[in-house]
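S.K.: Fit chain B to the known structure of chain A by using the hints.
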Amino acid sequence: MSERYEKTGGGRVLGAMTAAFGGLFAVGLLSAVAGLARPADDLHGAVLDRVDESGVSHPVTAVLLNFRAFDTLLEIGVVLLALFAVWSIAPPQGRIVAEGAASLPTGPVLEAFLQIFLPTLVVAAGYLLWRGAEAPGGAFQAGALLAAAGVMLLVTATPFPLAIPAALLRAAILAGFGVFGLIGAATAAAGREFLDYPPAYAKVLILTIEAAAAVSIGLALVHLFRGGLFTTRGE
Amino acid sequence: MPVLDTGQLYGVTGAILFSLGLYGTLRHRHLIRKILAVNVMGTGVFLVLVATRYGRGVPGAPDPVAQAMVLTGIVVAVSATAMAIAFTLRVHATTGSAHLPDADAEEPRP
Chain A
37 MSERYEKTGG
47 GRVLGAMTAA
57 FGGLFAVGLL
67 SAVAGLARPA
77 DDLHGAVLDR
87 VDESGVSHPV
97 TAVLLNFRAF
107 DTLLEIGVVL
117 LALFAVWSIA
127 PPQGRIVAEG
137 AASLPTGPVL
147 EAFLQIFLPT
157 LVVAAGYLLW
167 RGAEAPGGAF
177 QAGALLAAAG
187 VMLLVTATPF
197 PLAIPAALLR
207 AAILAGFGVF
217 GLIGAATAAA
227 GREFLDYPPA
237 YAKVLILTIE
247 AAAAVSIGLA
257 LVHLFRGGLF
267 TTRGE
Chain B
104 MPVLDTGQLY
114 GVTGAILFSL
124 GLYGTLRHRH
134 LIRKILAVNV
144 MGTGVFLVLV
154 ATRYGRGVPG
164 APDPVAQAMV
174 LTGIVVAVSA
184 TAMAIAFTLR
194 VHATTGSAHL
204 PDADAEEPRP
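As given, the protein sequences belong to chains A and B, one line each in that order.
Position one of the first sequence corresponds to residue 37 (our numbering), numbered consecutively onward.
Position one of the second sequence corresponds to residue 104 (our numbering), numbered consecutively onward.
Derived from the structure by calculation, the hints contain no laboratory data.
Even for Gly, the Cβ is constructed at its ideal location relative to N, Cα and C.
Hints should not be assumed to be uniformly reliable.
Every beta carbon over 12 Å from chain B, so not counted as near; a handful from chain A, in silico [to be verified]:
1) Gly58
2) Leu116
3) Leu146
4) Ile200
5) Ala222
6) Lys239
7) Leu243
Computed footprint of chain B on chain A; a stretch qualifies when at least three of its residues, placed anywhere within it, have a C-beta under 8 Å from a C-beta of chain B [as the list claims (entries may be wrong)]:
8) 84-97
9) 152-163
10) 224-232
With the rest of the complex left out, here is chain A (with noise of 0.2 Å):
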């Protein structure tokens, strides 16, 4: 029983083998990375030539949303799955909340503050939503706004205005890929390819998918911030 606690210097033997393979790998890793064949296809010319079909302006936001649209379907999906991953290890909802809220420290300061604050990171979500037709932007950067509004109600216990029934907020966290899926089947109904929008309606689907992937991200951000935190007390 003794000897397992014995210092047998083990550690210090592996520790220098990992830093002597740390060390081989980063000068192979270095030898291919400076040495990569540049590949000859132009896919940033390409992209440029059929931006005026994607509707939108902005090149990232037309591959994203439009060139390579399938890809971030499948995103939200990932994003979706990394939920129901923290969720099937949750403890009980509410328990967070009503333990949390207890120690959190409040008072007027930080109620003005919130009031302040909160509706300009919705305001600033609309406003990076509609500008990523153009420039950077777009339903994540948004997403991740909305999430940052939610953390602040969680960290500060502060109560959601309004009573939202579970069924509808786990509508609203499907709504992005839902949305974007049947846009996807609808497209592919038409007669056009899976995700392949015609170019006249491309900015309105864009804009519908990007809304309902804002959202959909947002609160799904907000629940697996929530989701992971988890308090042994008790326990």
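M.R.: Just chain B, lined up with the frame of chain A:
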């Protein structure tokens, strides 16, 4: 060998970040440190992805396709990190520690 251009410089930085993250992932026993190290590795991958496409299509400009892929990757990394932290909290709640056991203690006991 010519001096590194902008894309290669960032690519090499990404490779260094990845290697540092790999070392940290293997070396640290605390799960949160492992999660952080994996995130450093991911950041290195993103840097390599954007850097190797820098200026390839239009000189002096980053490639929007690579940017979009990295944006997708960042969101996936955030989701995976949130999941990993939730699992770590569960491990801590169950075992009372977020450390992996010592290397010596992992050897089969007589």
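S.K.: Sort out which numbered hints this structure fails and list those numbers smallest first.
M.R.: As far as the earlier hints go, 1, 2, 9 and 10 are violated by this structure, in ascending order.
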